[in-house]
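A.B. asks: Residue numbers (my numbering), protein chains in the order written: chain A, 1 to 457; chain B, 1001 to 1287.
Incorrect hints may appear among the rest.
[Stated by the list, open to error] Once the Cα atoms are required to be at most 30 Å apart in a straight line, the calculated DSS-like pairs of lysine-lysine come out as:
#1 Lys1083(B) with Lys255(A)
#2 Lys1186(B) with Lys1053(B)
#3 Lys108(A) with Lys1122(B)
#4 Lys1080(B) with Lys1053(B)
#5 Lys1109(B) with Lys1122(B)
#6 Lys386(A) with Lys1223(B)
[Said to hold, decoys possible] Simulated coverage check for chain B against chain A, where a stretch passes if three residues somewhere in it have a Cβ under 8 Å from a Cβ of chain A:
#7 1054-1061
#8 1084-1095
#9 1220-1228
#10 1254-1268
#11 1275-1286
By construction, these hints were calculated from the structure, which means they are not laboratory data. Being a predicted model, the structure only gives us computed values, none of them experimental. Note that beta-carbon positions come from the ideal geometry of N, C-alpha and C, so glycine has one too.
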Amino acid sequence: MIYTADNHFFLRQFFFLIICLTCLIIMNVSLSHSQSLFDTDDEDILFEEEAAAAVSDSEQKKNSTFTLGYHFSHGTDGEPKIIDNSFYLRLEYESLFSDSLFFKFDGKGNLHTKTDHRADAKNKSVFFNGSVREAFFQAGYEKFSLKIGNQINIWGKADTTTITDVVSPRDNSQFIFTRLEDARLGQLMVSSNIYINDTTASVFINPLPETDKEPDTNSRYDRPLAGSNLFSVKHDKPEFGDFEYGIKVDTSFSKTDFSVMAGRFYSNAALYDHKGYYENSKPVIEKTYPDYIMAGAALEHAWQSFLFKLELCFKNKLPLQGIDADNLYVFEKKDVLDSAFGIEYNANNKYQMSFELSNRYIFSDISRLLPGTDKNSSSFYTVFTKNFLNQTLNFEYIFYYHIQEQNQFHIFRLTYDLTDNAEIQAEYACFNAKDESSLMWLYRNEDRISFEIKYFF
Amino acid sequence: MKQAYILFIVLTVFISSSHANEARDIIQKVLDRDDGTTEIGRVKLSTCAVIKKGNKIVCKSTPRIKIMDMIRKDYGPNEKDHKTVTIIMEPAGEKGIGFLQYDYEQKNKETDQWLYLSALGKVKRIVSGNENEPKTGSFFGSELSYEDMEKRHIDDYTYQLLGRETYAKRPCFVIETVPVKDRAAKSNYSKSLDWVDQERNMILKSILFNRQGKKYKKIYFGKIKEVNSILVPMQIAVLNLETGRRTLLSYVNIALNINIDDAFLTQRTLTDGAFRESRLKKYQAAY
């Protein structure tokens, strides 16, 4: 048998599935079925055990939740083998201070041990970092609410691609492996909602826009810019007073939820721009986040077991990465139409599937854009989920495919609730990159297995 | 002889038909019994695989427990449309997950549902499946299925009064309920036997049979208490005879017929913490 990369790829998937199925079978066998257990009608016996517990459970609502977690991941291709080896503690706190004033905090501290790629990148035996996802005050009135502080603002209906959801930046420091609860970054802003029947109008203003978090220099997922040794980079981040602002209106009628939105934003992703000057005979490239405006609409419609989703967004003068005649980075502003169409299917709670097809269309000439940029860039995303053992075990399979680049990745994930307060998760992710000019090509050897345990208290 | 035989058949049909009408009237009274126009409650769901120890039924391992705040308000001319908000309080890992559900009396009008996950940061419409097929899956991982939680449409079933019995020291009617053809196609059950309290028009016990006709579940409604002049079973025990698992649904707190603002039964409650918590505080003062 000729042993190719593709054989290797599918063999690994096959073995992972076998492991998953074995686990499921073992867990199912441990259940004992009995018809004779419940031959009593005696109410005192049927309700006995829980009666006392029910009384003692009339406890007050807890304001805070802590999550203590450990995360380990192991690369199956690249070196070094150990990628993540870290502990974290997360605090979520919320409290109503008066009849109309509410406070919410969501923050996290991470401790990366020596073998973790983030500690290794800083050459430290232990590396500690922290982040505040949200910390805001909210005043709520009859038909109006006002929120001030560090907050996350999510727009749109699409789950997997960024169409209209451009307000809150993303944490890309772990490439595609950032946990869902860490995926978005809070930023200081003032936002307000006005409620009229089934319609909500939301506005926000952000005086200091944050940008996507990139991998730390020399960390596992850091990929230096091509040719970075040939130029110097100067950072040009948005400053206080570089306002982002936007408005969104959400409404529901019958089986349909509909949103329209518009705003002015600074690019969350960095663009590199050579403005024509040099230092020490090296060209200086500015790492910058230019502004643009957008207008979009999103729709969800339920029909029997299906949920249809449609999202469109026109971005005017969106900055895209280009190169000039000297092969130096510049950004080009282009009009762009981003769109997504998705379907979710619920097989009567036996399993659930979702499909999402998204596309970016660039209106004008693309010849000055980075080589490999297509006029249409389309991707397909599907998720399959199934619950077992009274919803304590969850299996999830994610498949991504970029149509023009023919790149793909697969993620298999098993999550099991050990107890009400403890959860374990095992995951296997593998890449199959074909396009050498694509970003995913740089990560083609980042297949990994990972393990996480969380304790909530 | 032939005449006697015909008379016997006519009498049998007449008696069974009159039993059927009586049974239907009894169930109609059960369905019409006042359960309050609004309800706010803290509900505890405890589920485990059980074993018998002496004459006791005990959990084999630590039970899985969910505690949630549920707020319901009835709408429509018959108060048979419901809007419900459910917010999970425990376990800690699921705290803050919110559901909004609109159920309609009108046949074939599908339920509207929205879910809020704080990790996702947005409200998402969800679909529960095809109304024309039996639904699998359980209510928050318990032994209660979504079908067990649905309110019955009287015309979806035929009823037969099988007799009268004393159950839980109460005089009861024993009624057999069989889904009609259309309903049978989308039900997990082929029939049920219900023990209906003759004086209080409440079901005290149900035995549910699966689609193959085998006993599948027993549901007991116990610890009946008067709340705001309405009788409420404060505990419901669901015993799954196939898996040997039991769920106990207990009301930790409950108040009925308090004034709940229509705006609370909207998506705003899922995302607006200040609004949700201040209203909940006001409503929960009624406990």
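A.B. asks: Could you tell me which of the numbered hints above are not met by this structure, giving the numbers in increasing order?
C.D. replies: 2, 4 and 6
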